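> Based on the provided sequences and hints, a complete structural model is requested.
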Amino acid sequence: MNETVLKKRKFQMTMLFLGVIVLTYLSAWVTDYGFVSSLEAVPGAMVWMASNLLVDGEALGKLPDIMGKLIETVFMSIAATTIAAALSLFLAIMGSKTTMVNRAFGAVSRFVASLSRNIPVVAWSLILLLSFGQNSVTGFLALFVGTVGFLTRAFIETIDEAALGSVEALRATGATYWQIVSKAVVPQGLPQMVSWVLFMIETNIRSATLVGILTGTGIGYMFDMYYKTMNYEVVALITITIVLSVILIELLSTRIRKVIL
Amino acid sequence: MPLLEVNGLTKSYQPGNPILKDVSFSVEAGEFVAVIGPSGAGKSTMLRCLNRMVDIAEGQVFFDGKDVGAQNKKGLRDVRKHIGMVFQHYNLVPRLTVIENVLHGRFGYKSTLQGVLGRFTEAEKQKAFELLEKLGIAEHAYKRCDQLSGGQQQRVGICRALIQDPKIILCDEPIASLDPNSSKVIMDHLKTISIEFGITCIVNLHQVDVAKDYANRVIGLKKGEVVFDGPSLLLSESFTDEIYGMKTAVETRELITV
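As you go down the protein sequences, you meet chains S and D in turn.
Reading the first sequence from the start, the letters are residues 1 to 261 in this note's numbering.
Reading the second sequence from the start, the letters are residues 1 to 258 in this note's numbering.
Hints are computed from structural coordinates only; laboratory data are not their basis.
In this text, all values refer to a predicted model and were calculated from it rather than measured experimentally.
Where is the CB? At the ideal position from N, CA and C, for every residue including glycine.
Check the hints yourself; a few may be wrong.
Here chain S is said to cover these stretches of chain D; the calculated rule only asks that three of the stretch's residues, wherever they fall, bring their Cβ under 8 angstroms from a Cβ of chain S [to be verified]:
id: 1; region: 18 to 30
id: 2; region: 110 to 124
SDA-like cross-link-like pairs, simulated, lysine to any residue; straight-line CA separation at most 25 angstroms [what the hints assert, rightly or not]:
id: 3; chain 1: S; residue 1: Lys-258; chain 2: D; residue 2: Arg-95
id: 4; chain 1: D; residue 1: Lys-143; chain 2: S; residue 2: Ile-256
id: 5; chain 1: D; residue 1: Lys-191; chain 2: D; residue 2: Glu-130
id: 6; chain 1: D; residue 1: Lys-222; chain 2: D; residue 2: Gly-59
id: 7; chain 1: S; residue 1: Lys-97; chain 2: D; residue 2: Gln-88
id: 8; chain 1: D; residue 1: Lys-73; chain 2: S; residue 2: Val-101
id: 9; chain 1: S; residue 1: Lys-97; chain 2: D; residue 2: Gly-59
id: 10; chain 1: D; residue 1: Lys-74; chain 2: S; residue 2: Ser-182
id: 11; chain 1: S; residue 1: Lys-228; chain 2: S; residue 2: Leu-210
id: 12; chain 1: S; residue 1: Lys-97; chain 2: D; residue 2: His-89
id: 13; chain 1: S; residue 1: Lys-69; chain 2: S; residue 2: Leu-129
id: 14; chain 1: D; residue 1: Lys-74; chain 2: D; residue 2: Arg-95
id: 15; chain 1: D; residue 1: Lys-134; chain 2: D; residue 2: Ala-176
id: 16; chain 1: D; residue 1: Lys-184; chain 2: D; residue 2: His-206
id: 17; chain 1: D; residue 1: Lys-74; chain 2: S; residue 2: Gly-165
id: 18; chain 1: S; residue 1: Lys-97; chain 2: D; residue 2: Ser-44
id: 19; chain 1: D; residue 1: Lys-167; chain 2: D; residue 2: Pro-15
id: 20; chain 1: D; residue 1: Lys-74; chain 2: S; residue 2: Val-259
id: 21; chain 1: D; residue 1: Lys-143; chain 2: S; residue 2: Ser-182
id: 22; chain 1: D; residue 1: Lys-184; chain 2: S; residue 2: Phe-35
id: 23; chain 1: D; residue 1: Lys-167; chain 2: D; residue 2: Lys-143
id: 24; chain 1: D; residue 1: Lys-223; chain 2: D; residue 2: Ala-176
id: 25; chain 1: D; residue 1: Lys-143; chain 2: S; residue 2: Val-259
id: 26; chain 1: D; residue 1: Lys-125; chain 2: S; residue 2: Pro-187
id: 27; chain 1: D; residue 1: Lys-74; chain 2: S; residue 2: Val-101
So, in structure tokens, the structure goes:
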């Protein structure tokens, strides 16, 4: 009995493995993708990057403009994340099994979270672009909606794992719902939640570039503009500043995490 | 009139598989009652029915003359604030300080806003420190609870129950996660509380010998039914054998070095 189960599982794994190989070849054939020719293209691409993506003096002159847009983008990401965090906290308290008021609220909040999470940020930007037009509100909203979905999910898990025992104890003392939420659930989950918010700020600064390209705002718009006018020196400079700011924010949030956890 | 009266309490989580069957007993003020029985006998469920942490399906629980099952939200809060509860896993908020956790016991007496803002009177704070002193953990008052040992955390849990000014304290396996030494400290404290303050204690226990040593009265549960209810002196070995279904009583004794 056991042996046949094992043999069957082994057979299934082999078939799965073969299936993946066949599928890969099939897709390459359908899309006309050649492994060898794409490998051959790598050195050429390297040479192109090395010769074109060089920051020169003229590009450096654009630095103040770039910094202005970059700072705008960073602050927009932070604002979108923190405002989303406030809404997420509320949704998570309603959605968590430990603290939910009733099933209906719980289901609604989990549905809102899952809807906004499962539509990618890129799709949100395009949808919102149609309804709000090309301005910074669109970029802000795209980040906001995606963040609410993700953070609600993360906060629900934080609450469930942090607070089960103390919620029971406080209920037994005759504490009211909001007393329990504010004095047991929030204090216990706060560091974890702040950590998620910091993670989301990092993620959003990265996504903000892409969202900016799509919605024509912030640093992404600048990137797009110079890219389309083939001013690759400036494109390189923009890329470097983005990378540097992301690294800076990451270092900063690692430091903050160490202090609070 | 007894402080606590349980009449025909029946409860099941799945239909057709009752965890409590027609449980009836009453407890007078000042009694120290141990509830013993094997895992799954329904001890925890029974204890949680007394303050309706678990909904009462059939039967009644009367606490201090009030029908616990018939209370509305506000009435239930009123009942609960007079019932302290102590848990196996302490159920403190680990990141908060000892003193904060103790003061949580006062929430039943406060409006939501007072609680949320953490407004406690001087008298309440004074009382909290007195209790910590009494249980010998005053020097840890400003430490975070996750820095304390299990026995110390359980003492914080007892302080949190005591600051409620309870008429009764329900203890769900208070020493099941503790080493023998801390277990003795905790049981001694519970005994002192019941004698000094006259607070009724109902304690769920695994250990028959601890029950016999500390309790005036033992209730034995087996498969959701009361199979023994009487003074602990009358709890003979044959009864414990029946409660645990076999000779486990002897093995249990060997594990305990109180």
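> When the structure is checked against the list of hints, which entries are broken? Sort them ascending.
1, 9, 14, 19, 20, 22 and 23
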